[in-house]
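Each chain, letter by letter, is given below.
Protein chains: 4
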Amino acid sequence: MLVVMSSYATEEEIAQVVTAIEREGYVARVIKGGERTAIGILQNRGSVDPAPFLLLPGVKETIPVSKPYKLVSRELELTDTIVQVGDVRIGGENFVIIAGPCAVESETQALTIARTVKDQGACIFRGGAYKPRTSPYSFQGLGEEGLKILAKVREETGLSVVTEALDHEQCDLVEEYTDIIQIGARNMQNFSLLNRAGKARKPILLKRGMSATIQEWLMAAEYIMAKGNSNVILCERGVRTFADHSRNTLDLSAIPVVKQESHLPIIVDPSHACGRRDQVIPMSRASTAAGAHGLMVEVHNEPAKALSDGQQALFPAQFTEMINEILPILTEEQRTKLLQGRRS
Amino acid sequence: MLVVMSSYATEEEIAQVVTAIEREGYVARVIKGGERTAIGILQNRGSVDPAPFLLLPGVKETIPVSKPYKLVSRELELTDTIVQVGDVRIGGENFVIIAGPCAVESETQALTIARTVKDQGACIFRGGAYKPRTSPYSFQGLGEEGLKILAKVREETGLSVVTEALDHEQCDLVEEYTDIIQIGARNMQNFSLLNRAGKARKPILLKRGMSATIQEWLMAAEYIMAKGNSNVILCERGVRTFADHSRNTLDLSAIPVVKQESHLPIIVDPSHACGRRDQVIPMSRASTAAGAHGLMVEVHNEPAKALSDGQQALFPAQFTEMINEILPILTEEQRTKLLQGRRS
Amino acid sequence: MLVVMSSYATEEEIAQVVTAIEREGYVARVIKGGERTAIGILQNRGSVDPAPFLLLPGVKETIPVSKPYKLVSRELELTDTIVQVGDVRIGGENFVIIAGPCAVESETQALTIARTVKDQGACIFRGGAYKPRTSPYSFQGLGEEGLKILAKVREETGLSVVTEALDHEQCDLVEEYTDIIQIGARNMQNFSLLNRAGKARKPILLKRGMSATIQEWLMAAEYIMAKGNSNVILCERGVRTFADHSRNTLDLSAIPVVKQESHLPIIVDPSHACGRRDQVIPMSRASTAAGAHGLMVEVHNEPAKALSDGQQALFPAQFTEMINEILPILTEEQRTKLLQGRRS
Amino acid sequence: MLVVMSSYATEEEIAQVVTAIEREGYVARVIKGGERTAIGILQNRGSVDPAPFLLLPGVKETIPVSKPYKLVSRELELTDTIVQVGDVRIGGENFVIIAGPCAVESETQALTIARTVKDQGACIFRGGAYKPRTSPYSFQGLGEEGLKILAKVREETGLSVVTEALDHEQCDLVEEYTDIIQIGARNMQNFSLLNRAGKARKPILLKRGMSATIQEWLMAAEYIMAKGNSNVILCERGVRTFADHSRNTLDLSAIPVVKQESHLPIIVDPSHACGRRDQVIPMSRASTAAGAHGLMVEVHNEPAKALSDGQQALFPAQFTEMINEILPILTEEQRTKLLQGRRS
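Protein chains in written order, with my numbering: chain A, 201 to 544; chain B, 201 to 544; chain C, 201 to 544; chain D, 201 to 544.
The following block holds chain A by itself, in its conformation from the complex:
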């Protein structure tokens, strides 16, 4: 339940409501909006009786939040969350391009690709240092060496960087070296890692699990927010179905649904969804048109030699084509900003 305070409510009145909530054995969470303050009642089992709270001074109304998620809920926070990463803003009216190779393979490779994608308008660089691989015998990433290369890429190009962490220990390092910590699809319900992410001082990019409902995905984000980290970026990357013409089935209706249910930004990773280069550009256009706040795509200078997932990486020229094809779909303002980034 949400206790909404009058716009004239004093800090003292707010504190009184918090005390009253805690007295009932619940957890109170104060959410200060632009105009008014609301107080979420958390950790209640079953429904909460609003009566005692409605009588307190400064309380305007109470809103039952029937959905199991609260902090991620649009009902709790009407305005879009904007995740700020350096001077890049993710969410709201902004559109962001994240690009880079599946895995960081060497400093030369990373820097070459980073400069290429920056020239075309990308403002965040992606690249795996720790790779979740189905086989224990596959290339598992360069580890900390990869993180150092990512830090070098940021230094040299000014791009922010994002990479995945697979456990607590990696999370410590990723938090230190990079700007956004990615939690992959396979770890979407790794609740221990979600709790750790909730304590991170960096934004979290949370991919949707391979067979997660939207509710489960939002609940995973709720884990992160409940621990205190409000900077969560959701990333749709396709779900597993019987269809065999693409690696996963990109579920674009997730975009309007997430935007309606939550205030968090949602981007799309068409590369992992499709798994095949030739579907990436049309699906990038479709994701943009469906209302995504951005795209995360794989680009490699030599896909044929990529140590991981080469068949889905765009060639630099295809990346340029992709950007050109999404330009008409963007808003005037998004387009201007993207083109500015391109020139700079």
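Treat the hints with caution; some may be incorrect.
A pair holds if it fits inside one copy or across any two, identical chains being indistinguishable in the list.
[To be verified] Dumping the calculated DSSO-like pairs for lysine-lysine here, alpha-carbon to alpha-carbon at most 30 Å:
1) LYS459 - LYS260
2) LYS348 - LYS399
3) LYS348 - LYS427
4) LYS402 - LYS232
5) LYS427 - LYS260
6) LYS459 - LYS399
7) LYS267 - LYS505
8) LYS267 - LYS348
9) LYS352 - LYS505
10) LYS505 - LYS427
11) LYS260 - LYS402
Keep in mind that the hints were calculated from the coordinates and are not lab data.
For clarity, every value in this text was computed on a predicted model and none was experimentally measured.
Assemble the complex: chain A is given as a structure, and chains B, C and D must be docked to it using the hints.
Chains B, C and D only, in chain A's frame:
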């Protein structure tokens, strides 16, 4: 296998190849392209030895067609099929809007909606006369009376009309009264009906089955084409998955894959895919951006009173909004044509 | 809604209730049980007010039937339906083995296999005369010739026979020549064919659609029953999922659910579910243990030469093994009966 | 690839082969079978040339292992792995019953249920101390207190105990207090945790991921084995599909496939698969008949009051019924053993 004739090949030489194919116990199908003629070898089990055909006069080359579909295959027909319905062209560089209620309920209802959607740029009217309903106790459509109303709509508005046929008998009537015969998702592998559709003198709109792979879907189209009807329009309408936030999961990567594999036009029905009004507009934008040749959407003047599937029908104002939102995604030419239709 | 008559109710009182129901614009369906008669109210939209019926003489109570299915519902008919085919009883405490090739290929082939499976305890012979094939170029079955062979098999062996009909016309012939008419998975929601099946004088074997929920499946059976044919046998044959180690995923929990929801018999076809010979025996055991009323399996004397689906057909020796392995899972009575059939 | 040594090969010859493998940059893994020793070549990318190894003294043959899994593969180890837990043997011809509540709630609750299930033939007690919950606000388990209760249960009843660990830290504690460490479905591809499990001195019960293919599941087991822990028990617990009559769809054909592909034991958890009490008994029978090496079921003395997943827990009387119903499906030896456990 495909026997490709030289561009100088005579009719006699073509006939000779046909005879040679038939002599081997296969079926030959002559496909006249713009520049050259090709002859498909059908009903072979296992691979065909190209040697005897390569020796015949006028033969340029033979192309093994490894895919199980032949007539629908891009390998057999490089140029996009354009299905002509009245003065509406479906496929290639054209973009078509098909709109109307789920079910035809009355002449007034049909005419009201038809005029509304025509004013906004739709050029084909949809409306069910025979409804495939999960329950035998649900409204099953007006039947032939509904077909008569559809004919009246065409007469009054000039719009072409499309409606579904569930069996041979209905197919006879639908063929008589309307311009396009729809085969629904539940009948995608009703092979008897597909064979009947292959003999129809009207184009077929073939919806993808709820759990059909793209190959199965193209094979269903192959049934129709193998019986002689080349005017097949494919329609993606979502597939069944575990996801519960939309009625079906719209599989938009089907669009680039179908366009690569086949020369047939492919449109999208976001209404049945989503099942909820508020997802239809974003998914219409996404479908357009993914490269669909058109959209088929449900519009009702009073969705709350609709006898069937009211919760997914757009209100007239929402339909206008949908059209406005896809305009920037269309090509210059598509946009001009759509706006012309709107004004006229 | 269901109007339940007192066990002393006269025929006249029953007739009065029927009249009262029809006067309200509904359809009444009299269901005579062992002890008492109930009258189903069909074709009502929305809920029916029980008050006027409760006042009629002979009426004991009214039961609201919240599920969309009525005639197939356990609530309407407490005792298991037994479908009688010759002297074979399907449903209740009985266990039936249906076996034979995927497709009837010749009289010799059919008779050879029929004698083999009969010797092992099968009491119904299966074999396709009309084959629903993904490709129009694949073997489509022998047609009426196949039906004549099936009739011959029955004559020679005494086995009842079942085969699939794909449309009305075939249904007429299948009804004439065989004992059970099969409606295949791809036609589970071919409502026109279901209506035709409802008028047939032979029992219907209704396979579950590839992505049908149990409710949709029961509603398909409801179509058949609503037209007057109460002899419906349900057949689980696997559903389509992401899993790639079997052709379909056999959904055995459907068995307890169907048995709870409906009075109709339910059997399992492990051959089509698995698609691979080596999974058929374990899944036959599992289906039996889950409570199925019988099995339908494919057996071929020369699977390698089968014109259709050979890789899933059991060799005769494997069929014997299968029977031996399910024997301990059967009830004493089922086992005795099966062994008797074997010896005879 | 697998280098198979002659049965007369000396330790020195084996060591030579290992050296030769390592000289090529691969990892060698010596697998001592009953009759002969084989040496697996790991971490090769692409195929390995067998020629240099075939020339070494003591080498009998080389077997290419085309499957991506090696250590879990039946090709590498022909005889069934038997996981020994106290005096309980899991795998091969043995059948094991693991039972207990979803979550450990108190010492009284745990002991009560443990005694009940032991009396009926269970030989391992299950109970969650750390619960992976979709919501951060749901009961997350008693933590270390729960582990102490599990240790107490073992002490008092003699039953071995199994519980889930969600991360490295919990794994340390679970390893200390219990007999088997469970890795849950949501963590099946938590590769960091799999690596940790590979170093554990206790057996691992590895549940199948909600949308994992069998190959991915076996590869997850390969992670554990590649780190040195060969005691892996696989547990099928249903996969996510469109079907809505059970929580997940139990995929029983996984049993014959896993048994063919791997030497590891496979058990089934029908409770989490079904999610509803009334499906658990039939699915227990079906799992047993399909060839599972055991069952893991939830039993609660007061399901209505269970803090977690109460609707799927069997009542004690139902657990007895379940055992009684699987008895006829077991082999003579399994039955005898189970009944002995019951009486003792």
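Q.
Within a copy, between copies, both or neither: which one fits LYS260 and LYS402 at a CA-CA cutoff of 30 Å?
A. neither (34 Å within a copy, 57 Å between copies)
Which holds for LYS459 with LYS399 at a C-alpha limit of 30 Å: within a copy, between copies, both or neither?
within (25 Å within a copy, 43 Å between copies)
Next item on the list: Evaluate LYS348 and LYS427 at a C-alpha cut-off of 30 Å and name the case that applies: within, between, both or neither.
Entry: both (28 Å within a copy, 27 Å between copies)
When Cα atoms must be at most 30 Å apart, do LYS348 and LYS399 count as within-copy, between-copy, both, or neither? both (23 Å within a copy, 28 Å between copies)
Q. Between the shortest in-copy and the shortest cross-copy C-alpha distance, which are at most 30 Å for LYS505 and LYS427: within, between, both, or neither?
A. Answer is between: at 29 Å across copies they meet the 30 Å cutoff, but 41 Å inside does not.
30 Å Cα threshold - placement of LYS505 relative to LYS267: Between copies only: 23 Å across chains, 47 Å inside a chain, cut-off 30 Å.
With identical chains treated as interchangeable, where does the CA-CA distance between LYS352 and LYS505 reach 30 Å or less: within a copy, between copies, both, or neither?
Only inside one copy: LYS352 and LYS505 sit 23 Å apart there, 56 Å across copies, limit 30 Å.
### Task
With 30 Å as the alpha-carbon cut-off, assign the pair LYS267 and LYS348 to within, between, both or neither.
Neither: 42 Å inside a copy, 35 Å across copies.
**OP:** Have a look at LYS427 and LYS260 and pick one of within, between, both or neither, based on CA distance no larger than 30 Å.
**Re:** within (27 Å within a copy, 59 Å between copies)
(message) Within, between, both or neither: how does the pair LYS459, LYS260 come out at a Cα-Cα threshold of 30 Å?
(response) within (26 Å within a copy, 53 Å between copies)
Up to 30 Å between alpha-carbons, please classify LYS402 paired with LYS232: within, between, both or neither. within (20 Å within a copy, 49 Å between copies)
When held up to the earlier numbered hints, the structure conflicts with 8, 11 and fits the remainder.
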